[in-house]
Amino acid sequence: MPGPSTGPSGPSTGPLREVAIVAFGQSDHVRSSAETSEVEMLMPVLHDVVSRTGLKAGDIDFTCSGSSDYLAGRAFSFTMALDGVGAWPPISESHVEMDGAWALYEAWVKLLTGEAETALVYAYGKSSPGDLREVLTRQLDPYYLAPLWPDSVALAALQAQALIDAGLTDQGALAGIAARSRTAAEANPHAQLRGAVPAGDPVVAPLRTGDCPPIGDGAAAVVLAAGDTARRLCDRPAWIRGLDHRIEAHALGVRDLTDSPSTRLAAERAGYFARPVDTAELHAPFTSQEVVLRRALALDGPDGAGVRINPSGGALAANPVMAAGLIRLGEAAARIQRGESDRALAHATSGPCLQQNLVAVLEGETR
Amino acid sequence: MPEILTAPLVVEFPFTRSLGPVQSAFLTGLRERTVLGVTASDGRVVVPPAEYDPVTAEEIRELVEVGTAGTVTTWAWNPAPRRGQPLDTPFAWVLVRLDGADTALLHALDAPGPDAVRTGMRVRIRWAAERTGAITDIACFEPDESTGDDGRTREPVAHDGQFPDLLTGITAPARLDYTYSPGAAQSRYIQALADRRTLGERCPACRKVYVPPRGACPTCGVATSTQVEVGPRGTVTTFCIVNIKARNLDIDVPYVYAHIALDGADLALHARIGGIPYDQVRMGLRVEPVWADGAFPHSPEDMGAAPIPDHYRPTGEPDADYDSYKELI
Chain A
1 MPGPSTGPSG PSTGPLREVA IVAFGQSDHV RSSAETSEVE MLMPVLHDVV
51 SRTGLKAGDI DFTCSGSSDY LAGRAFSFTM ALDGVGAWPP ISESHVEMDG
101 AWALYEAWVK LLTGEAETAL VYAYGKSSPG DLREVLTRQL DPYYLAPLWP
151 DSVALAALQA QALIDAGLTD QGALAGIAAR SRTAAEANPH AQLRGAVPAG
201 DPVVAPLRTG DCPPIGDGAA AVVLAAGDTA RRLCDRPAWI RGLDHRIEAH
251 ALGVRDLTDS PSTRLAAERA GYFARPVDTA ELHAPFTSQE VVLRRALALD
301 GPDGAGVRIN PSGGALAANP VMAAGLIRLG EAAARIQRGE SDRALAHATS
351 GPCLQQNLVA VLEGETR
Chain B
1 MPEILTAPLV VEFPFTRSLG PVQSAFLTGL RERTVLGVTA SDGRVVVPPA
51 EYDPVTAEEI RELVEVGTAG TVTTWAWNPA PRRGQPLDTP FAWVLVRLDG
101 ADTALLHALD APGPDAVRTG MRVRIRWAAE RTGAITDIAC FEPDESTGDD
151 GRTREPVAHD GQFPDLLTGI TAPARLDYTY SPGAAQSRYI QALADRRTLG
201 ERCPACRKVY VPPRGACPTC GVATSTQVEV GPRGTVTTFC IVNIKARNLD
251 IDVPYVYAHI ALDGADLALH ARIGGIPYDQ VRMGLRVEPV WADGAFPHSP
301 EDMGAAPIPD HYRPTGEPDA DYDSYKELI
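The listed protein sequences derive, respectively, from chains A and B.
Just so we're aligned: the first sequence equals residues 1 to 367 in this note's numbering.
Just so we're aligned: the second sequence equals residues 1 to 329 in this note's numbering.
Just so you know, not all the hints are guaranteed correct.
A partial selection of chain B residues facing chain A, derived with a Cβ cut-off under 10 Å [to be verified]:
1) Gln23
2) Ala80
3) Gly84
4) Ala104
5) Thr119
6) Gly120
7) Pro182
8) Arg214
Which stretches of chain B does chain A cover? Using the computed rule of at least three CB atoms under 8 Å from a CB of chain A, they are [to be verified]:
9) 8-20
10) 48-54
11) 68-75
12) 128-141
13) 167-177
14) 221-234
Calculated from the structure, these hints are not laboratory results.
Note that this is a predicted model, so its numbers are computed, not measured.
Even glycine gets a Cβ: it sits at the ideal position worked out from N, Cα and C.
In isolation and in its complexed conformation, chain A is listed as follows (with noise of 0.2 Å):
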């Protein structure tokens, strides 16, 4: 079998051990969970997704989440919440203080070793408790960027002046990502926002209020398996056929805002460009990033006309933040398991206007 490649680009050669998302559950996505803890929101989520595969909880070798303390201002929210994994005897566990996405990255590696036949990797996000757009100012360059508190709208905003200067999209494009977004967000019973929303009126301009994720809480979780174990597990494994993920320079001004040559080479590695996909999930909170994220996917080329863009609504209808890549995995693999997608690109995107990005290639077996 060969191995995968150790070159800085082009096409993964293929891992060394076939690995499958085989459940995903999540949260309904609400404005608010105030009645429940952290690990009262995640716990159901475990529940579910592990009864899926039909696998007790004691049986997941290896178990991996993403979130952050700074949402709910909560010191070691994580411990709290692996109460509801149930960790004794004492499970082997690791956290990433990232996008659930990235915790799904650290169990591929550890089912590509022959380390774990399972994993369970989870994520969650309260935004609620906090002023999520100050909040997210915490995590920039502390000398140069933070002192002056730019909010995530803000940064977004700049981002998406720079893609109507260059003529890549208009105010009205990007109201029709939006209420394509949430339109389809109506068959999405944990969605926060379904059905069409009013442009409504400049929260940072260009970007108005539909141009914005809405502000939530929520969880997700998936199963990871390995060969014949995943095919044991579900009916119709999605194969991770590719998983990459590449970052850029953190100070914005150094970056072309409307470009993502992160996501492009991630995909690349990810092996995404060998043939068309059917499904994207992108990971988009503001709607002028799915303009980015299209461009450097080339979904607008003749390959783009047969790809369905965020079937579940994307971030515009729920961005649980820490969740909201995970999920995008999950419900790439939930529409391969459903016999919906046989190839899908699924995205997950971290840090200030696309800055890091991480990129899937799913596959369901031949019916």
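Starting from the known structure of chain A, arrange chain B on it as the hints suggest.
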């Protein structure tokens, strides 16, 4: 479903951060109304300057002085300024490529309205009256209507990065405000405390009773749904002697902090032991709570008056047998 409890929570840090040589020169330069950039490996002049090349990650140290006027490369109109932002009246966020620089710097532009802002417009720095060596030494940018070519054609000029009293670090205060809510299980627990009752929760699988409850059994990973009143008396399972006075805590040292297994609980909670000399506290000591008077705290300052046990004191009963609490240590 209990009433949802909430309380304000402020998280505040005065981060003290050291500066690398490039950041030090740049921020000290701002104090002196001088803007420095750094030449990257590909020859681009990066402003604000980085310690390492944004593309190759090579160490870059070649400083240059650039202009204090420049060109807007993109902008966004902020109709509702937020706490901590450079201006408290509506303004434009801008990325500005200063004359002589090849990259752009993020800041605020003071303009009367969005109609007065466009990409490509000329702007210049408005310096803060008091400058300390921080990005906020640039108060903001303002439109630059000067028509002369002073600065506009400016070439970067080599600079040695030397100033009197070079900064070596900055203090970056950060404050975030939250509304804390403890969730269902802990709300039940806190509400019972108001009646001077201690309410644990039982795991339906392993039958253990957790105090304080967090809503889930960490062993079994299932919800603890049954409430069980425990205590009020309990047994010291283990303890330590505190010799360092905590800030803002009006308790004389040394004192004893102990793990206490309340009668009926399967997990020890921790509390201070009083009413007995510190050197006479022992494992197995039987204790009971001494309640503080008070109401639910509505701010961190009120916490001392919360309706919780202020401390535990000896009951006078004989010590508990080791075997009765050894599983709870």
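- Task: Find the hints from earlier in the document that the structure breaks and name them by number, from lowest to highest.
- Result: No numbers; nothing is violated.
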